[in-house]
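A.B. asks: Going down the list, the sequences are from chains A and B.
Start counting the first sequence at 4; every next residue gets the next number (the working numbering).
Start counting the second sequence at 9; every next residue gets the next number (the working numbering).
Each hint can be trusted.
Chain B regions said to be covered by chain A (calculated; three or more residues, Cβ under 8 Å): (1) 232-244; (2) 248-255.
Computed list of lysine to any residue pairs in SDA-like fashion (alpha-carbon distance at most 25 Å, straight line): (3) K11(A) with L248(B); (4) K11(A) with R253(B); (5) K11(A) with F25(A); (6) K11(A) with A246(B); (7) K11(A) with S254(B); (8) K11(A) with G245(B); (9) K11(A) with V255(B); (10) K139(A) with Q46(A); (11) K55(B) with P196(A); (12) K139(A) with A158(A); (13) K11(A) with A247(B); (14) K11(A) with R251(B); (15) K139(A) with P233(B); (16) K11(A) with R22(A); (17) K94(B) with I62(B); (18) K94(B) with G76(B); (19) K139(A) with A234(B); (20) K139(A) with E232(B); (21) K11(A) with A244(B); (22) K139(A) with P196(A); (23) K11(A) with L243(B); (24) K11(A) with L249(B); (25) K11(A) with R252(B); (26) K139(A) with G193(A); (27) K11(A) with Y250(B); (28) K139(A) with D156(A).
Derived from the structure by calculation, the hints contain no laboratory data.
A virtual CB, placed ideally from N, CA and C, is assigned to each residue, including glycine.
The residues making up each chain are set out below.
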Amino acid sequence: MLQGEAMKAAGNGARFIERVLFLAAFVAFGYVGLAALDRFAFQRIESAQLARFVPTTVAPTRDRASRGRQPAPAAGDVIGRLTIPAAGIDAVVAEGVDSRTLRRAIGHIPNTALPGASGNVALAGHRDTFFHDLEKLHLNDSIRLVTPAGTYDYAVEDIRIVEPTQTDVLAPDPSPSLTLVTCYPFDYIGTAPLRYIIRASEIARSAVGAASGAPAGH
Amino acid sequence: MKRISILFGCLLIAVGVLALAQDKPMAANTDSTPVADSTASTDTMSKTVTGRVISSSAYALAVQTDDGTRLNLVLNSTTTKPAILKEGDRVTIVYRGLDAGGFEALTVTSVTDSGTATTATAAPLTNTGAPGTNGQTGESRSTAVGTTGSYYAPGNPPQPPNPDSTTTTGTMAETHPMTTTQDATAETTTTTPAPDTTSTLDNTQTDTTTTTTDNSLPQTASPEPAIFLAGLCALAGAALLYRRRSVL
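If we strip away everything but chain A, and leave its shape as in the complex, we get:
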């Protein structure tokens, strides 16, 4: 009789754990699914929003003196769109590197130059989402950054792997440049110990005008 009760209690316990595990799996898959959905929706909506700000005809220029100082965007504001054909990357860039921004878009690292301004524009992205294929990029590959202020073309000039403490990769550059930052190794699960850095220098720009530097808010 006592053995039967013990068996029954054990069965109930196992059933409880089983349900907890099923619930945990449901929550985990739900979170991942919702995050993907959120990212997809954000990219679609903001791409459409950005397309309205980016003019179809632009005046080509290489006048570096015309690079005016743009107003600093607020965290989460959309800055532009990054296109890297060699790596199949085409995603919206937003201001900030907080977890929410990086989950939904490529983040512009605060306190670095904005596109159009002289200096080093630094962008960070998750290696398992937007920058998943950044490893496919080679020297001299082209990168395009489209913003409401103009279109900026860059060529990759440097690829390196650094420690997270080497913030000198974000140092201001006298010539306009773009730095892409993501975690390394690419197939690492969790917080990766290194950073993959791609440095590109500006090779051409098609500026719209000095006045249209404001980012598209959302």
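Could you slot chain B onto chain A? The hints should help.
C.D. replies: Chain B in isolation, oriented as in the chain A frame:
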């Protein structure tokens, strides 16, 4: 029942550990707002060792030290080294440990067997010319010696020093006065035995490694793969329990 309690306890601990592991990168994400003009970092002090070259490439150097241990080092753009390093060459190396593990060579100096050291044509990797040094291309950035660290694609221009920057160990070799002196002069110097030959380097580097800040590059690891993996484990565990319960 006791077994089930233990199992449940283990599960709770596992979930707690997982939650903590996930919480850390999240917090780091919000905190990591690097400032471009602050480049200081924490790091270990440089050390000096003398030994013989086992193998050498554009990115890595393996040496057998005098005490018999094998030392694998990463060479990066800031490493000052002789133009040619052959297997069996006796060298004195100033190196430092990397936070992520492994060692990075700061300066490599050839030492003759008679005890004289020659700072040969000491040039950083970035100045050694086109991609393909030692048969490697710019794209082949391999962790050849099983260590991790800073690698440069060959032929890349050196980063300009940041005028506002404080001292950083990460870029120490770039701004190190001794390194630039060696680049400029590239002369042969006679020195006393190996440990003493680089004592001046050690001192200078120690002096410039004092400032530290918390700034770091953004955490760009998404928690989604780990959460997905945890969900998969939970599902597998639940399925296992279900199957076992059905059999019983």
